[in-house]
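Could you build all of it, start to finish, from the sequences and the hints given here?
Chain residues, written in single-letter form:
Protein chains: 2
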Amino acid sequence: MPDKGGKFERIALIGLGLIGSSIGWAAKRASLAKHITGYAKSQATRQTAKRLGFVDSVAATARDAAANADLVILCTPVGAYGALAQEIQPALKQGAIVSDVGSVKTAVLRDVGPFIPEGVHFIPAHPVAGTEYSGPESGFAALFDNRWCILTPPPGTDAKAVEKLTRFWQACGSNVDYMTPEHHDLVLAVTSHLPHLIAYNIVGTAADLEDVTQKEVIKYSASGFRDFTRIAASDPTMWRDIFLNNREAVLEMLGRFTEDLSALQRAIRWGDGEALFETFSRTRIIRKQIIDAGQDTAAPDFGRVNKP
Amino acid sequence: MPDKGGKFERIALIGLGLIGSSIGWAAKRASLAKHITGYAKSQATRQTAKRLGFVDSVAATARDAAANADLVILCTPVGAYGALAQEIQPALKQGAIVSDVGSVKTAVLRDVGPFIPEGVHFIPAHPVAGTEYSGPESGFAALFDNRWCILTPPPGTDAKAVEKLTRFWQACGSNVDYMTPEHHDLVLAVTSHLPHLIAYNIVGTAADLEDVTQKEVIKYSASGFRDFTRIAASDPTMWRDIFLNNREAVLEMLGRFTEDLSALQRAIRWGDGEALFETFSRTRIIRKQIIDAGQDTAAPDFGRVNKP
Chain A
7 MPDKGGKFER IALIGLGLIG SSIGWAAKRA SLAKHITGYA KSQATRQTAK
57 RLGFVDSVAA TARDAAANAD LVILCTPVGA YGALAQEIQP ALKQGAIVSD
107 VGSVKTAVLR DVGPFIPEGV HFIPAHPVAG TEYSGPESGF AALFDNRWCI
157 LTPPPGTDAK AVEKLTRFWQ ACGSNVDYMT PEHHDLVLAV TSHLPHLIAY
207 NIVGTAADLE DVTQKEVIKY SASGFRDFTR IAASDPTMWR DIFLNNREAV
257 LEMLGRFTED LSALQRAIRW GDGEALFETF SRTRIIRKQI IDAGQDTAAP
307 DFGRVNKP
Chain B
7 MPDKGGKFER IALIGLGLIG SSIGWAAKRA SLAKHITGYA KSQATRQTAK
57 RLGFVDSVAA TARDAAANAD LVILCTPVGA YGALAQEIQP ALKQGAIVSD
107 VGSVKTAVLR DVGPFIPEGV HFIPAHPVAG TEYSGPESGF AALFDNRWCI
157 LTPPPGTDAK AVEKLTRFWQ ACGSNVDYMT PEHHDLVLAV TSHLPHLIAY
207 NIVGTAADLE DVTQKEVIKY SASGFRDFTR IAASDPTMWR DIFLNNREAV
257 LEMLGRFTED LSALQRAIRW GDGEALFETF SRTRIIRKQI IDAGQDTAAP
307 DFGRVNKP
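In order, the protein sequences belong to chains A and B.
So the first sequence is residues 7 to 314, counted in our numbering.
So the second sequence is residues 7 to 314, counted in our numbering.
Honestly, the hints are just simulated from the structure, not real lab data.
Predicted model only: the values in this text are computed from it and were never measured.
Be a bit skeptical, because a hint or two may be false.
The list makes no distinction among identical chains, and a pair is therefore deemed to hold if it is satisfied within one copy or across any two copies.
Taking lysine-lysine pairs in the DSBU-like style, the calculated list, with each CA pair at most 30 Å apart, reads [as the list claims (entries may be wrong)]: (1) K166 with K221; (2) K294 with K166; (3) K166 with K47; (4) K10 with K221; (5) K47 with K294; (6) K170 with K221; (7) K47 with K99; (8) K294 with K221; (9) K294 with K40; (10) K56 with K294.
This is the structure:
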């Protein structure tokens, strides 16, 4: 296979959950590093990572992991980035690339940027991929295949470093896109953060009912509710940090959502069938576009097998 | 195979979309009828049904289809039930069972009940199953396997008729449950109607943005949004009729949902990480219960294959 670039001598993964472990597997699949080292706060996680083999070694501190690495990727919840950046700062090698996988990007620039030494390339990134599972055992090499990875390099970032990180993500299976952090945060507020908030919320609403038992909610969930529970099963710490760090964009999208919902509520109250039909007719085309873009399956029910 | 009952001489399916065609296939799979006849408003649909073979014959009117049938099942959007019931009334055979598949049940009692002659058994039913596809080509025999079918027989309904319809649905693969129409409408308002409304709404909100292009919404939909687009691709006429016919219960659930959402909005605005974490932590257990109850798959991403 021809070398398409994106290879590093030594990669450090700071955080070994779903994304960290998937990067490890994807990098191994494409032989993108001579050595991958990993750090996680919990010793149990480090041991699991070592045992599973998506890292070659583990380090007891983030600073030890970052030392001598050519590519350091922060893969923890974004709320931990500031302290980690401060800790690894003295160990960062000249010419190294520091990146991350966080779902918000302006806050990452704010929290990590100040700790990046002269001569180290800081290129925030967001692989737009995931599942509802978390932890080091949930990762797999194909997670990034045919998904997008968004890079938000600050103005003036070394073009060769951006090129190298681009090739790395491409070799992990991703398509790569570039945005300003502000635009990224707006796009993700509507495609990801708002949907998660709504999903978490409706699951909470259903759990609180008096007249309908929780058992009934479970039994009849195939009628729509179960689709929401998948993303509402995502990691709570990660999502707390996202909402704390993308407040303005999320509140803006939430405001639009509730305005639109009030209009639908009014249509239901006044029996305005035409308004309902019009809203319900606009949406099929969007799903078709998502399927055509290879971002979802066309199989009915997501291809879930309807068997006991 | 021993005869477990639930067999009929002649079944009439009024409406040949996703549910009508799936009943046809399921009934054929278990040999539940000597003859299945079907009616659909559109001639093209009738021809397709005949060609595919999930009915043995088609009729040009609902009345012709219902004549001599031992089991008549209304499978159109619920808004059409009243006129259809009036039309088939004179043709209904003594001792026949009239049922339906509608997602609301109080309105069905109101609209169909008055047209049921003495000596005909009226047992509204709701098979809680479906996909985002519609039309006669979307049905399949396994649609009802391991799903629930809720019967809402009016007080005083002949117990033998209820037993016979129960066995029919069991032979179609379903588990059968019984409820009052009022309780049914409340349970489904939260497990089905509210989720669909929310899904339709968020897809509309995303389609209306100025600062984020629709192309970006499509590209990055794997980050959460795409999960909502599946149920928002459901049949618009069917869903218009559901909301027009379950107004009170839907407005009640929507009120609770928006109250809860306001609380989350406030937590985001004021940076209350603890409140967010608490809400986000309650939801995993509900998903686990749904999976344990056989109502969803445990495979990550609904088992969607992550390949180009």
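Which earlier hints can't be squared with this structure? Going through the list in order, the structure violates hints 2, 3 and 9 and respects the others.
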